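S.K.: From just these sequences and the hints, can you work out the full model?
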Amino acid sequence: MKIVNIVIAIAAGLIVLLGYFFNSPGLHELRSPLLDWAVTLSGIAGLVAILNLVFGVHLKRLRENHPKKGFSVVILISFAVTLIAGVFLSPASEGFQKLVTRVQVPIESSLMAVLAITLVLAALKILQRHRNWMGFVFFLSVIFFLVLNSGVLAFTSEIPFLRDILSGLHQIPVAGARGILLGIALGSLATGIRVLIGTDRPYNG
Amino acid sequence: MADIRCLICNRVNDSSAEHCWYCNTILPKPTGPLTQKEREKLANLKKKIAGAPNPDPEPHGDAPQKTPPESPAEEEVPDWLARIRRLKQAEDQGPTSGKPDWIEEEQPDWLAKLSQPAAEDTPNPHDAANRVAESKKPALDESLRIRNLPRETDEEQEFITNLLKPTPPIGEEDSANSSNGQLEPLQEDRVDDQSGQEFPAPEGPNDEDFLDVEDLLSDKENVRSDQKTVQESEQVLSVPTGKDLPFPLFVDNLPDWLSTEETETKQPQDTGDNEDDFAGEIPERKIEKGRLPAWLQSLRPGVTGSIEKISSETAQVREDDGVLAGIAGTLPGTDLSGRVLKTGDFTQELRVSAAQQKNAELFQSLLQPTREPKAVSADQNTAAPSEKLLRLFITILILLAVITPILAPGISAIIPVLFPTEVVNTLGTVQTLPTEKPVLVSAHFEAGLAGELNWASQPVLKHLVTRGVPLALTSTNVVGFAILQDMVTQAISGDPAYAKDKKVMDLGYLPGGAIGMGALVNDPLGTLPFTTDLQPVREHPSLGSLNSLSDFGALIILTDNPEFARTWVEQVDGGEADLPLLAVVSAQAAPLLHPYFASGQINGYVAGMSGALYYEMLTMRAGSATARFSAYQLSLLLVAVLIFAGGVVSLILAAPRPAKKKEAG
Amino acid sequence: MRINSEVIWLVISFILTLMVFSYLLGDNAFFRFASGLLIGVAAGYFTVVIIYQVLITRLVVPLMQGSTLTLVPLFLSGLLLLKLSPRLSQLGSPAMALLVGVGAAVAVGGTVLGTLFGQVKGALSFFDPIAGASGSMALRIVEGIIFLVGTLATLAYFHFGARERRKGEGRRRLATISVVLGKVFIAITLGAVFAGVLTAAITALIERSDFIITTIMSMVR
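Residue numbers (the working numbering), protein chains in the order written: chain X, 1 to 205; chain E, 1001 to 1665; chain C, 2001 to 2221.
Calculated directly from the structure, the hints in this document are not laboratory data.
Certain hints may be false.
[To be verified] Here are the simulated lysine-lysine pairs, BS3-like style, with alpha carbons at most 30 Å apart:
id, chain 1, residue 1, chain 2, residue 2
1, E, Lys1437, E, Lys1358
2, C, Lys2183, C, Lys2121
3, E, Lys1047, E, Lys1037
4, E, Lys1088, E, Lys1048
5, E, Lys1388, X, Lys125
6, X, Lys125, C, Lys2121
7, X, Lys68, E, Lys1388
8, X, Lys98, E, Lys1503
9, E, Lys1437, E, Lys1502
10, E, Lys1388, E, Lys1358
11, X, Lys98, E, Lys1388
12, X, Lys98, E, Lys1048
13, E, Lys1088, E, Lys1047
14, E, Lys1388, E, Lys1437
15, E, Lys1500, E, Lys1437
16, E, Lys1037, E, Lys1048
17, X, Lys125, X, Lys98
[To be verified] Stretch-level coverage of chain C by chain E, calculated; a stretch enters the list once three of its residues show a Cβ under 8 Å from a Cβ in chain E:
id, segment
18, 2009-2021
19, 2074-2085
20, 2099-2112
21, 2115-2126
22, 2185-2198
[To be verified] Some chain X residues flagged as far from chain C (calculated, every beta-carbon gap over 10 Å):
id, residue
23, Pro25
24, Thr40
25, Val152
Bear in mind that the values here come from a model prediction, so they are computed numbers and not experimental data.
In this text, a Cβ means the ideal position worked out from N, Cα and C, and glycines have one as well.
M.R.: Okay, structure coming up:
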């Protein structure tokens, strides 16, 4: 069984990967269904995760009389109401979409707003927690880019020297970001190749 | 060939035997030729046994000559059997008045003593025992010499002497025997440990002829009962003869232990407290005291031969102090004053060796994270009052900075003059888009930043709507799917000429993340075949002619996560799709998206509220970004000032700590 | 009086916003109720979208239209649903294998052609005489060198140069310099990212505050 899984993973992966480098109609014919099936399976995997959350975690809490079952009750009721409304109204209906836009958006946006104050409080203690030269550079960088984002330094546009300096300072994160992106790319490349050659088998459980 | 005496049990074995028949030990072999005297003696013995005196000694004793058998039948009979028969014959004939000469000549001392009347009184049984041992020594030495065996060392002599010492009476012997077990009768089949072969049991005497120690021990009670009637204990253990012999006894090879019984029984009654008891318990009936073979007796710890000594010692010891003060006859205690009983050092400290310490440090360095996470208290109620006050103060300040410009619109902000290149490029790209080709708008953001993205995307969407560009909406996450609809609806609300039913196609949710993006780039209509109304996309007038992603006018990414923007860029570039790529992102995604703009993979992007402001200024359409820019600017400045102040305070508070540490040190 | 549904939704949104803002005063039941409601609604909405956008549009409708190839994803989807059962979860491994294999291939292909090639090309574009024809070439080269050094130092810090080398003082010094430079660029970049996060959060706060004030003012009117 495990060998079958490995063969499926490697074969499907190689066919899709080759399609990036070779433009062949035959390869395209093989590649398209694989991508389509993978898209479908991704959706089903998300459904499995949600069902596990609802039935495997919160419903189980109700059955086991967990201390936090009140929280689970709210979740299960809201899940049931939303599911029934969605099945009857369909996702395209405006009424059903208001359930998201008028419930989920206010709550999550408010959470983000509260997070702003928490982030500011945490930022006050940057140098208290990281008292080294790297923390100091980070501290100065945060302040500079906050001021830059606010647009207060717009007056410098009329001073060429300051304008060039600010422009250069504005470009410095690009170099660092490029290095970070290259590092992420190399890491994901290594991970992907390990899966394609069968070294890593996360699907075998 | 002369018989071999076993050194362990002191019994005589046949010369051809390699193992003792009685105790199965390896018999010593004669290492050298016999001496002249030995040969003579041997020859005489043989002659006498054969019945024909032959005084002529043998010139050389290299090859001992066997006496010719009297008859052919006798040749087949083993020597030891022949001797047994002769003894029996002698017994049948009865005690001779006179002993043969050879007997008298060759009679060992122990045998001579046995035939003598009651031996002399020995005031001290210990001395008697020593005398007996000493008397046996020459005989033993003689026998050893005959056999040409190496002279034993002093230690061995002492050991043998101890073996020859008289054993305690039956009562004492029982207690000793009970601890070490009883004497086991000979086994019929012996196993040679070295060769692993089983030697056939010699056709020797039957087991019933052997001394049964168990019988002896069982007679203990009878003996003790008899002892009460005994007045004198001067009894000589007579050597049984003839039929009374319990085992085939070779007169000339009577073991020493048998001879020493005589001295044991002659112990006087008034010898003291120690040995009087067992001396007085000597039974009337001469019961041979159970004596263990020497090899077994040697296994007994400190009992053999030392009981008398211990007894004599204990009789003289009289306790002066302690619990047993005034009581004599007790075992002397060991002086423990000089012995320091030191208990182990049981400390709670873990003792590790240097190697273990090194290994532990290595493990620790491997397992230690690069940065130790600090536990954050989730429960705010447990925070210190100063922390709560600070939190409240900061909250009020920020809310004031946010609310005040909203409530007081007169507060103006510093409007930037220069516009970022990315915003300008976005404007230029949107401006040049063909109006017949739909623009694919792909959303991927969470509801938390929906407000910011809504403010950031409104100028761009309004610009597209104003130009009449068709829009195809899709989302790679579920929440973005619903919010995007709301955004577009909000953008369209300002332009009634834009027909939403014809211009906007909701392609729905695209699962799979990067896989979905790759599938969409590969085959857009195959990946999203239906709209959210379950209408086939191919039947749509605007989308029906699309075969690949390049057939779209542009791709606009709405995301708060730079990861998804990056993935879109990769898939579009990897799929070699030739279409403009624009992005409307959150302010947090801008730094990691800018390298793609710098490398030309993205045509332009609008980031956050400031980007929206720039776009609105460029399109000269005031929107939410323009209206709320003053709150945005003021709150950002306030946050910058607060962070700066916090850093300065941290540095000031941190400065005296090293001095305090030094003082403490 | 006919109550506008929009008003009802507005009131609901307002109440929920206040419930979440109550967390500023401390954890309380209102906040937890709002959190539970969020999870339930999100889970329910997700399930509905999957049913309509995946199950119906990608499995049921094609089957009804006679597509036999759809039997494969249907079968694989059934196997994947078995992952819910601990005993039968192993049967869902082939579906997971397909998903993982295709995902890895998509990631590898996009990374190589998108990020690696594109970003390396972008890093070297500063030295392209044709692209830099409009501006000062010397300035562009200086900028290019700075950005290239910054990129390499950042990359070196993450992957190669963080460990000390034993042989030779020269290599050790080079690694140390690259580590220090990399740290500087990373600190500046992460500072910019954190400033962006703060900016986004402040914007969300402004948007919510604006919503509350607008709602209150509309109710007052």
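S.K.: All hints, please: hold or fail.
M.R.: Going through the hints against the structure:
no.	hint	in the structure
1	Lys1437(E) to Lys1358(E)	violated, 70 Å
2	Lys2183(C) to Lys2121(C)	holds, 24 Å
3	Lys1047(E) to Lys1037(E)	holds, 15 Å
4	Lys1088(E) to Lys1048(E)	holds, 16 Å
5	Lys1388(E) to Lys125(X)	holds, 15 Å
6	Lys125(X) to Lys2121(C)	violated, 40 Å
7	Lys68(X) to Lys1388(E)	holds, 27 Å
8	Lys98(X) to Lys1503(E)	holds, 22 Å
9	Lys1437(E) to Lys1502(E)	holds, 13 Å
10	Lys1388(E) to Lys1358(E)	violated, 45 Å
11	Lys98(X) to Lys1388(E)	violated, 37 Å
12	Lys98(X) to Lys1048(E)	violated, 136 Å
13	Lys1088(E) to Lys1047(E)	holds, 19 Å
14	Lys1388(E) to Lys1437(E)	violated, 57 Å
15	Lys1500(E) to Lys1437(E)	holds, 15 Å
16	Lys1037(E) to Lys1048(E)	holds, 16 Å
17	Lys125(X) to Lys98(X)	violated, 40 Å
18	2009-2021	violated (count 0)
19	2074-2085	violated (count 0)
20	2099-2112	holds (count 9)
21	2115-2126	holds (count 8)
22	2185-2198	holds (count 6)
23	Pro25	holds, 17 Å
24	Thr40	violated, 4 Å
25	Val152	holds, 13 Å
Violated hints, listed in ascending order, are 1, 6, 10, 11, 12, 14, 17, 18, 19 and 24; each of the other numbered hints is respected by the structure.
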